[in-house]
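Chains as they are written, first to last, in my numbering: chain A, 10 to 413; chain B, 10 to 413; chain C, 22 to 367; chain D, 22 to 367.
It is possible that part of the hints are untrue.
With a Cα cut of at most 30 Å, we get these calculated DSSO-like pairs of lysine-lysine [as the list claims (entries may be wrong)]: (1) C:K250 - B:K398; (2) B:K151 - A:K398; (3) A:K398 - D:K314; (4) D:K250 - A:K191; (5) A:K191 - B:K398; (6) C:K250 - A:K191; (7) C:K250 - B:K191; (8) C:K250 - A:K398; (9) C:K250 - D:K250; (10) C:K250 - A:K151; (11) B:K109 - D:K314; (12) A:K398 - B:K191; (13) C:K314 - A:K193; (14) A:K151 - B:K191; (15) B:K290 - B:K233; (16) A:K398 - D:K250; (17) B:K398 - D:K250.
Calculated from the model, a selection of chain A residues having no Cβ within reach of chain D, i.e. all distances over 10 Å [said to hold, decoys possible]: (18) L32; (19) P38; (20) R84; (21) E286; (22) E383.
These are computed hints drawn from the structure, not numbers from a lab. It should be emphasised that the depicted structure is a prediction, and the values quoted were computed from it without experimental measurement. Built from N, CA and C at the ideal position, the CB exists for glycine as well.
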Amino acid sequence: MDFTLVELDDDHRQLQQEIRTFLEGLFTPDVFAEEHETGSGYNKKVYEELGARGWLYPEKPVEEGGAGFDLVAERIMDLELFRQDARVMMMRGTSSLPLKAIRKYMPADVADPILKDAVEGRVLVCLGYSEPDGGSDIANAKVRAVQDGDMWTINGSKMWTTGAHVSNYTFLVTRTDPDAPKHKGITMFLVPLDTPGVTIQGIRTFSGERTNIVYYEDVVIHDKYRVGGINDGWNVLHGPLDEEHSIGLDMSGGLTDLSIGAGFCRVLGRAINEVAEWAHKTPAPDGSSLADDVQVRERLGAAMVEYEAGLCTPGPMGRVKASDALVQQSASLIDLMGPVGLLPLHADGAVGEADTEYAHRFAQGTATYGGTVEVFRTIIANHVLGLPKPNYPGAKVFMAGKKK
Amino acid sequence: MDFTLVELDDDHRQLQQEIRTFLEGLFTPDVFAEEHETGSGYNKKVYEELGARGWLYPEKPVEEGGAGFDLVAERIMDLELFRQDARVMMMRGTSSLPLKAIRKYMPADVADPILKDAVEGRVLVCLGYSEPDGGSDIANAKVRAVQDGDMWTINGSKMWTTGAHVSNYTFLVTRTDPDAPKHKGITMFLVPLDTPGVTIQGIRTFSGERTNIVYYEDVVIHDKYRVGGINDGWNVLHGPLDEEHSIGLDMSGGLTDLSIGAGFCRVLGRAINEVAEWAHKTPAPDGSSLADDVQVRERLGAAMVEYEAGLCTPGPMGRVKASDALVQQSASLIDLMGPVGLLPLHADGAVGEADTEYAHRFAQGTATYGGTVEVFRTIIANHVLGLPKPNYPGAKVFMAGKKK
Amino acid sequence: MDLLELRRQDYSLDEDHQLLLTAFGEFFSEQSPTSLVRECEPLGFSQDLWNRLVEMGGTSMGLPESVGGDGAGMIELTLVAEEFGRAIAPVPYIEHTVTARALAAAGESTVLPAALDGSHIVALASFPVQAGSPQLVPAGAVARSVLALVGDDLVLFTVDTPPAHVVNQGSTPLAWWDFDAIADRAVLATGARAHEIYDRAHDERMTLTAAALVGLTEPALNIAVEFSKTRETMGVPIATLQGVSFPMTDVAIAIAGARNVARKAAWYLEHAPDERPELPAIAMVYASQTATKGTQVTAHLQGGLGFTIEADASLYFLRSKGWGALAGDPQAKLIAIGDHVLNTVN
Amino acid sequence: MDLLELRRQDYSLDEDHQLLLTAFGEFFSEQSPTSLVRECEPLGFSQDLWNRLVEMGGTSMGLPESVGGDGAGMIELTLVAEEFGRAIAPVPYIEHTVTARALAAAGESTVLPAALDGSHIVALASFPVQAGSPQLVPAGAVARSVLALVGDDLVLFTVDTPPAHVVNQGSTPLAWWDFDAIADRAVLATGARAHEIYDRAHDERMTLTAAALVGLTEPALNIAVEFSKTRETMGVPIATLQGVSFPMTDVAIAIAGARNVARKAAWYLEHAPDERPELPAIAMVYASQTATKGTQVTAHLQGGLGFTIEADASLYFLRSKGWGALAGDPQAKLIAIGDHVLNTVN
């Protein structure tokens with residue numbers, strides 16, 4: 010166990026200062042305004058300037074376009090980015106998953122230029138996983154890819170392709186053998202989004218993010234864009250998916266988060282801080298400060314318990330716990346504030362940065378993104394508690410595939 | 010809508026006084042001490058003296074051994090009994106279910122003397138429904154009854170036969186055709202518990218109640234004790250079960266409880282009152298009364314919200330809600346009291362009648378008795394929300410039976 | 022509390038109540054489809070719908086016959102509020118109703134006639150006026166007059182033009198009222214009577230808001246129920262999974278109970294206001310919890326879809342807090358409820 | 022709070038910690054089977070087990086080497102407390118440990134040697150001593166000395182024979198201590214130092230109790246898990262129903278988190294006690310919630326069986342509150358946690 014403050018050596022301290030100064034110059038009001046407007050989780054200038062320095066994926070070796078950061082430096086960068094605004098960096102996280110598959114499964118002559126551009130902030134890759142009636146069941150993909158010589162023709166549509174409108178490629182799950190058991194008839198492609206036949210339609214969420222439906226109508230691409238073997242898509246997918254669902258054993262000496270839920274906790278933490286500041290500044294009806302009100306103190310305490318619980322719960326469990334904590338406590342904090350808690354950023358009289366109001370809207374998505382909390386509960390039930398799997402009509406094949 | 014105080018006419022007022030005086034004389038300290046000791050939910054003297062006056066089932070007509078009470082009088086009796094101690098009256102409620110089936114399905118020469126004795130407090134009937142691995146699935150009964158001429162031989166064992174050790178009969182679910190679909194091979198019997206081969210083994214719950222496992226080893230009874238047709242047991246059961254699970258449309262003008270959960274709410278209500286009284290009497294560290302403590306007031310308020318919600322929720326929904334409310338709030342009230350909340354009745358320094366300590370132990374059973382909250386949630390999902398039924402391997406037959 | 026009270030507990034509606042429920046249910050479902058609700062965002066007010074509601078008697082029904090109203094009581098108003106909530110209708114039905122009733126109780130006669138015919142919208146301040154502290158007033162962006170407590174005075178503040186709307190999560194006509202700056206103020210009552218009228222208006226607002234929150238949770242649940250029947254996973258409708266069906270069932274249970282609590286609170290306000298003074302707060306707290314949970318379940322159950330602004334689920338979700346937190350912290354009311362419990366055993 | 026702090030968050034145990042966990046895990050599971058737990062009811066104390074624990078170093082390990090102890094810190098003690106809790110062992114491990122440590126901190130030397138060898142059990146009063154108000158003291162029925170705060174004095178009260186045991190839901194050796202009547206009292210510290218030692222002992226008790234509650238919830242969950250795999254309904258193991266598996270999953274999630282919170286609280290108490298003073302209370306609140314929910318889920322999941330005294334589930338259930346409420350209301354600690362949050366942004 011170790012919860013010490015990281016003592017920075019001179020190099021790291023200098024780097025921290027360098028990063029902070031650079032990011033402060035980079036994240037101008039324009040950047041925030043654009044993100045607020047578009048909800049894209051992306052900013053061209055930010056990505057390209059970070060990429061130019063090797064700071065977009067700074068943990069990668071310099072020869073791959075990164076900055077060869079060690080764990081401490083990487084953590085410094087993450088915290089400094091969070092200090093500015095994590096939202097704009099969302100597409101970086103999204104792209105990072107397929108980049109690993111591209112490196113592993115595509116021939117170097119195709120992969121290398123894409124990887125180089127991606128690391129340098131000029132190329133984004135979005136995830137073409139979910140379909141309009143697919144829920145979280147990726148193996149059930151119906152988007153069809155049919156081979157004709159060196160070319161493939163793709164038809165169908167994908168839902169929740171976040172970032173499609175700013176990305177160059179989509180990492181696409183297609184059905185190539187409709188007669189095979191469902192996880193054995195899947196092939197992955199890296200589809201250039203400027204290919205004729207691709208139509209992108211935006212959808213806005215009530216947390217202000219943008220995602221997309223992407224329609225594929227007789228989209229013809231070359232076989233070189235295939236990622237991995239034909240009908241071997243499930244294994245190709247597995248890499249990134251495993252990572253996303255991983256148990257998250259910490260090999261970093263405490264320099265990485267215990268789960269992706271830590272990010273949800275930070276959103277909750279901001280709201281807690283905001284409410285605490287608001288309480289200090291707000292007079293109670295009797296003229297005292299709301300910070301002296303027993304109920305305010307108690308409710309902040311309750312939120313803090315859930316914040317800490319979310320932060321301390323590891324792996325997929327932490328992802329579920331942190332989402333639950335954020336959903337419940339953001340609602341409770343809005344209640345605590347009363348009507349001013351309803352005012353969003355830029356509204357007249359909004360509290361602070363309206364982090365609490367935002368947290369309440371943002372929270373709902375955390376229970377769904379990257380697999381619903383129910384999917385994760387099922388994984389935990391089976392893999393941690395060892396409970397038997399239900400015998401659903403459509404489950405056998407899927408589960409057999411997962412086990413492998 | 011009507012929540013008026015019932016204005017009693019002279020007859021009702023006189024009856025109320027009469028009942029109260031009579032019960033005060035009847036419920037002596039001995040009665041409570043015996044119940045505390047045995048957990049049987051029964052007292053011979055109480056039942057026989059109530060029965061002698063027609064007050065055990067006072068809603069029944071005088072010619073059936075009741076007192077012909079109208080709804081107001083019946084409510085007066087219920088409240089006065091609750092004022093004394095509802096626990097001792099538990100077996101009255103248990104017996105009342107099979108009595109209806111006995112009247113409906115058994116020949117008068119067998120039924121009448123039993124019914125007369127039951128109404129007069131000399132005979133109790135317990136429920137032989139659940140089996141050691143049966144859960145809530147009564148239709149899955151394995152206790153075997155085999156016919157030989159006029160006689161039946163019964164073998165097997167039943168779990169949770171509450172009151173078997175004080176009852177004269179058990180209303181027994183048996184399997185008479187093992188080859189038929191499960192709900193079509195059931196026959197009901199009224200088995201005299203003094204028949205050779207019946208062994209009763211007590212089990213105590215942590216709420217202090219006693220229930221029993223009853224073993225049937227070559228128990229031979231006459232066919233006259235059959236209740237309803239051979240292999241028609243599901244329909245015979247249905248009557249009492251339907252009542253237990255009924256939606257509880259109130260035809261009484263508000264003189265009956267909205268659900269059986271109201272009884273759970275009363276247990277919670279007693280705990281709330283006890284904690285409130287305790288708070289008044291208990292000094293806070295600063296010398297003020299705990300009744301002035303904001304957290305005490307808030308927690309009592311939260312308990313009160315749940316109490317009211319439980320009371321106002323109708324039918325099977327109210328049964329689930331009231332159980333949830335009691336489970337959660339009794340735990341919260343124990344927390345609120347701290348260590349004195351852990352002291353049971355008669356412990357040195359226990360608070361009041363230790364209603365809170367008892368409520369916390371009693372609460373757990375309310376989620377299980379007469380069908381678990383999960384069974385009720387399933388019923389509500391299917392019948393109120395109209396959700397499709399899951400296709401379990403063993404479900405079809407059972408559900409087909411239920412629908413009928 | 023007295024657990025042995027011999028009281029009726031009859032929650033059933035008589036024929037007149039049923040007819041009222043049907044009439045306003047039809048009115049709101051026809052006149053306030055979700056398309057209208059969306060069109061009226063972010064202000065949350067439709068003058069046209071308001072006019073129709075006035076025609077329907079929505080602004081006069083709750084006022085005493087002596088001032089030209091229809092003399093309906095809290096039970097009737099609560100039934101209407103439930104239907105209003107079900108349609109998440111963009112009109113200030115609750116604020117206007119409880120404020121106009123308070124004006125009538127205070128013998129106000131300048132503004133009241135125009136309130137009765139709906140031409141002058143009135144609203145209720147949620148907190149006592151403190152010098153130097155403007156207040157966010159529900160319906161304050163469409164109201165010409167706001168009733169507030171200033172010390173021990175009940176004061177009606179009136180302006181020619183309501184202050185600017187403040188965008189908010191629930192898309193209701195919230196606005197900051199800076200009472201210090203308003204010259205047109207009429208003291209309607211003072212001392213105990215002022216507090217009595219103001220507290221009563223608050224109790225009525227809590228009760229009607231509770232009913233409205235119950236009303237809005239029900240169509241949200243229906244969306245979830247219908248979605249769950251058609252969406253499949255692993256070859257079965259998700260509705261057959263208890264992880265899906267049980268949360269919906271719990272919402273249905275909460276709706277059934279919260280509806281009865283709100284109606285019961287209305288009955289007591291109408292017939293025995295001193296008997297259960299804590300019921301409006303209980304109704305409000307439980308309805309707020311019900312709406313919070315109920316709309317979350319719906320939004321979540323639809324997966325990504327429930328999280329989009331296109332989905333009707335979002336309309337209900339955003340109003341669960343957007344309506345529920347308008348008058349301050351529902352949970353803060355627990356203290357007053359607890360006080361009542363403590364008083365009854367003392 | 023500072024969300025940008027560059028701190029390690031390493032919850033992993035090193036080899037020594039693993040060995041300690043294994044050693045005490047084996048000790049308690051061998052020496053304190055549930056049959057012993059039952060035999061020791063209602064008092065909740067086994068002199069024989071206590072002697073073995075003393076032999077094992079259980080009473081000396083947490084004391085400084087300067088007084089003859091083994092100098093173990095809060096992390097080690099928390100790991101032992103988890104195993105102690107898992108076995109719901111009928112010995113006053115937590116009370117004795119934190120009180121003896123407080124005695125050592127106060128420089129007490131009369132009772133301490135006998136506390137170190139376990140022959141003189143010591144305990145901690147949960148509330149400041151108020152004249153005329155006897156206190157229920159955890160382990161008070163087996164302790165010869167109780168450490169308490171009297172005004173600004175830290176006082177050690179000693180008796181020849183502990184007061185009579187009071188039967189209680191958790192079957193622990195609770196007893197009423199009437200401090201007014203005890204002549205043998207030694208003032209160990211006064212003023213700020215008295216409060217400091219007392220508060221520290223409380224923080225340690227909360228942290229160890231949190232670990233113990235996590236420990237007791239885990240075997241309870243295991244009972245539920247195993248039961249759910251074998252019990253069938255409708256032809257399937259009930260474990261395959263989400264209405265059964267999800268509550269168990271949520272308990273597993275809570276255990277995993279609560280364990281880490283308790284260990285983290287121990288680390289900070291040991292290494293940086295001023296940095297996160299609210300962590301012991303957070304650990305206690307979350308562990309109490311975890312135990313409450315976890316043991317309820319287990320008791321309920323077994324149907325009627327889990328409700329019988331024969332079922333081991335009942336042992337855990339009754340101790341969820343029986344241990345968790347010993348030192349007062351866990352939820353009351355939320356206020357102090359909130360205060361800390363408010364202080365960090367001030």
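Given the proposed pairing of K314 (chain C) with K193 (chain A), does the C-alpha separation stay at or below 30 Å?
-> With Cα atoms ~40 Å apart, K314 (chain C) and K193 (chain A) exceed 30 Å; violated.
Between K250 (chain C) and K398 (chain A), does the CA-CA distance stay at or below 30 Å?
-> Cα-Cα ~22 Å, so holds.
CA of K151 (chain B) to CA of K398 (chain A), is that 30 Å or under?
-> With Cα atoms ~27 Å apart, K151 (chain B) and K398 (chain A) stay inside 30 Å; holds.
Distance restraint between K398 (chain A) and K191 (chain B), which requires alpha-carbon spacing of 30 Å or less | The given pair, whose Cα atoms are some 26 Å apart, holds under the 30 Å limit.
Does K250 (chain C) pair with K398 (chain B) here, judged by a C-alpha cut-off of 30 Å?
-> holds (10 Å)
Keeping to a limit of 30 Å between CA atoms, is the pair of K250 (chain C) and K250 (chain D) held or broken?
-> Distance of about 28 Å is within 30 Å: holds.
Hinted pair K250 (chain C) and K191 (chain B), Cα distance within 30 Å = Within the cut-off at roughly 28 Å; holds.
Compare the distance between the alpha carbons of K398 (chain A) and K314 (chain D) with 30 Å, and conclude whether the hinted pair is satisfied.
-> This hinted pair holds, its Cα atoms lying about 24 Å apart.
Given the hint that K398 (chain B) pairs with K250 (chain D), test it: the Cα-Cα distance must not exceed 30 Å.
-> OK: K398 (chain B) and K250 (chain D) at ~22 Å, within 30 Å.
Please confirm whether E383 (chain A) is truly not at the interface, meaning its C-beta sits more than 10 Å away from all C-beta atoms of chain D.
-> violated (8 Å)
Straight-line alpha-carbon gap K191 (chain A) to K398 (chain B), limit 30 Å = OK: K191 (chain A) and K398 (chain B) at ~26 Å, within 30 Å.
Hinted pair K250 (chain C) and K151 (chain A), Cα distance within 30 Å | holds (21 Å)
Checked against the numbered hints above, the structure violates hints 11, 13, 14, 15, 20, 21 and 22; every other hint is satisfied.
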